[in-house]
Amino acid sequence: MNNRIVLTVFKSIIILIVQVLICNNIHLLSYASPLIIGYLLITSDMKEDRITLLLYGFFIGLIYDMFSNTAGMAAAGMTLLAMTQPSLLKYMSPRETDDDVEPTIQTMGFWNYASYVFLAMMILHTVYYFLDAFMLANIQLTIFSSVLSALLATVLVLGIDMLTTTSKRN
Amino acid sequence: MRNLLDFLFNFKHWFLFIFLEFICLTVLFNHDGYQKSVYFTTANEAVGSTYSLISSVTSYLNLSTENQSLEAKNEELRKQLYELQQQVYELKKDSNRHISGLAPKYNVVSAQVVGATTHKSNNLLTINKGSADGIKEEMGVVSSNGVVGIVYLTSSHYSIVIPIINTTSKISCKLRGTQNFGTLQWFKGRADVAYMTDVPRHSQVEKGEVVLTNGYSDIFPPGIPIGFVIEKGDSPDGMSYLLKVGLYTKFETIREVSVITNYNKPERKALESKADSLLNNIN
Chain X
4 MNNRIVLTVF KSIIILIVQV LICNNIHLLS YASPLIIGYL LITSDMKEDR ITLLLYGFFI
64 GLIYDMFSNT AGMAAAGMTL LAMTQPSLLK YMSPRETDDD VEPTIQTMGF WNYASYVFLA
124 MMILHTVYYF LDAFMLANIQ LTIFSSVLSA LLATVLVLGI DMLTTTSKRN
Chain L
14 MRNLLDFLFN FKHWFLFIFL EFICLTVLFN HDGYQKSVYF TTANEAVGST YSLISSVTSY
74 LNLSTENQSL EAKNEELRKQ LYELQQQVYE LKKDSNRHIS GLAPKYNVVS AQVVGATTHK
134 SNNLLTINKG SADGIKEEMG VVSSNGVVGI VYLTSSHYSI VIPIINTTSK ISCKLRGTQN
194 FGTLQWFKGR ADVAYMTDVP RHSQVEKGEV VLTNGYSDIF PPGIPIGFVI EKGDSPDGMS
254 YLLKVGLYTK FETIREVSVI TNYNKPERKA LESKADSLLN NIN
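Sequence lines, in order, name chains X and L. The letter at position 167 of the first sequence is residue 170 when you use my numbering, and the numbering goes up by one with no holes. The letter at position 201 of the second sequence is residue 214 when you use my numbering, and the numbering goes up by one with no holes.
Keep in mind that the hints are not guaranteed to be accurate.
[Claimed, not checked] Label-pair ranges, simulated between beta-carbon atoms:
{"id": "1", "chain 1": "X", "residue 1": "D52", "chain 2": "L", "residue 2": "K86", "range": "42 to 48 Å"}
{"id": "2", "chain 1": "X", "residue 1": "S90", "chain 2": "L", "residue 2": "I36", "range": "19 to 25 Å"}
{"id": "3", "chain 1": "L", "residue 1": "Q81", "chain 2": "X", "residue 2": "A136", "range": "37 to 43 Å"}
{"id": "4", "chain 1": "X", "residue 1": "H30", "chain 2": "L", "residue 2": "V127", "range": "53 to 59 Å"}
{"id": "5", "chain 1": "L", "residue 1": "T130", "chain 2": "X", "residue 2": "T110", "range": "28 to 34 Å"}
{"id": "6", "chain 1": "L", "residue 1": "L76", "chain 2": "X", "residue 2": "T107", "range": "36 to 42 Å"}
{"id": "7", "chain 1": "L", "residue 1": "G259", "chain 2": "X", "residue 2": "I16", "range": "50 to 56 Å"}
{"id": "8", "chain 1": "X", "residue 1": "I16", "chain 2": "L", "residue 2": "F22", "range": "48 to 54 Å"}
{"id": "9", "chain 1": "L", "residue 1": "T130", "chain 2": "X", "residue 2": "Q109", "range": "34 to 40 Å"}
{"id": "10", "chain 1": "X", "residue 1": "I142", "chain 2": "L", "residue 2": "K86", "range": "44 to 50 Å"}
{"id": "11", "chain 1": "L", "residue 1": "F28", "chain 2": "X", "residue 2": "I16", "range": "37 to 43 Å"}
{"id": "12", "chain 1": "X", "residue 1": "I146", "chain 2": "L", "residue 2": "N75", "range": "31 to 37 Å"}
{"id": "13", "chain 1": "L", "residue 1": "F22", "chain 2": "X", "residue 2": "E105", "range": "49 to 55 Å"}
{"id": "14", "chain 1": "L", "residue 1": "L76", "chain 2": "X", "residue 2": "L32", "range": "28 to 34 Å"}
Hint data in this document are derived by calculation from the structure and do not stem from the laboratory. We put the CB at the ideal spot given by N, CA and C, even for glycine.
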């Protein structure tokens, strides 16, 4: 148990550092900036404890907001993602798999996992960019930014996953 | 009552969710306009200090850009220095002349050394600017410390420079404060030492005296520092002094250089070649 907490804290710090130092400087086509902090919720297996998951998502979002001066935007997105993640995972998992399986490419299969990550990222980025725009005046641009950022974040998450699983295998 | 409590307990995560989202939106909309609190921003002490720690590390990554801008500034200052030196030189020569309009304007092109040898007898430097940048053969190359060498070959984007530390290099020079001139040559060995030959015996030479370009050649303007006298010796034939000169330019670490692009004037060249051909005709 303690091991798991240490591992989660360590993973959170690493992802936050990567997010703040690298991903915040990515502005693809000047519209898309990926929020890979969503990765922390996507791969979390705390679904038996939804309260912890909600608080975890909220605080990770809040810490990110502090670093990027986006008060509350990422926190709102992360909280919504934390709320929906268990049902999303259940819905996207192949039927024959167990309930308490950890979401990875190996357990879910590549396409299931990729679409699960993309949907989760869409939830996060949609909240983030709509709160950012707030007014619906430029709705096409906001949707475009959300989708492009979510796609980019998905690609990054799949990259991170492949990297970590190969290093584990080695 | 118990049913109600059960209901509340079963849906506790919904209440927490609504509560957290409420906090988010409150923070967000209080944040707009006048910021009531700095706790959720980068102005917060902990976040601010983390950022300054990060920037103290990442600032090293920007050193090369910083360096380039400093070098550009240096180049500008060096250009001004040459102009002023030239003005001083002209004024000293003839105090009747007025200062304005006399000093030629030197243009310099800054370049980076991309390849260098220092331990061969015919060392060469490669710089990353070429004829496309206005560099031609026989132009003088200087660094912020002093003379580097002379452009030998140019391609469109690169040039090869014969540095002082090449046995074929000969640069006309003089000792500061005197009109005694000589030729700076290099005889293999250490990359930070060269020799000034043909210094007349009657000249007063002090150790540590600065060796400058003398402006007799059409490559370097007068007054650019080359090195300083380390040791006074005799030339092999005993007719003149042979001065050991410590070079200011550090060829092992040299990176940023400037090429003086408009000093060798075609007019002077034409006149000199005309004189040569006249002499040949007489002979």
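Consistency of the hints with the structure:
no., hint, result
1, X:D52 x L:K86: 42 to 48 Å, "violated (60 Å)"
2, X:S90 x L:I36: 19 to 25 Å, "holds (23 Å)"
3, L:Q81 x X:A136: 37 to 43 Å, "holds (38 Å)"
4, X:H30 x L:V127: 53 to 59 Å, "violated (32 Å)"
5, L:T130 x X:T110: 28 to 34 Å, "violated (59 Å)"
6, L:L76 x X:T107: 36 to 42 Å, "holds (41 Å)"
7, L:G259 x X:I16: 50 to 56 Å, "holds (53 Å)"
8, X:I16 x L:F22: 48 to 54 Å, "violated (33 Å)"
9, L:T130 x X:Q109: 34 to 40 Å, "violated (55 Å)"
10, X:I142 x L:K86: 44 to 50 Å, "holds (48 Å)"
11, L:F28 x X:I16: 37 to 43 Å, "violated (30 Å)"
12, X:I146 x L:N75: 31 to 37 Å, "holds (36 Å)"
13, L:F22 x X:E105: 49 to 55 Å, "violated (27 Å)"
14, L:L76 x X:L32: 28 to 34 Å, "holds (30 Å)"
Consistency with the previously given hints fails for numbers 1, 4, 5, 8, 9, 11 and 13, ordered from lowest to highest.
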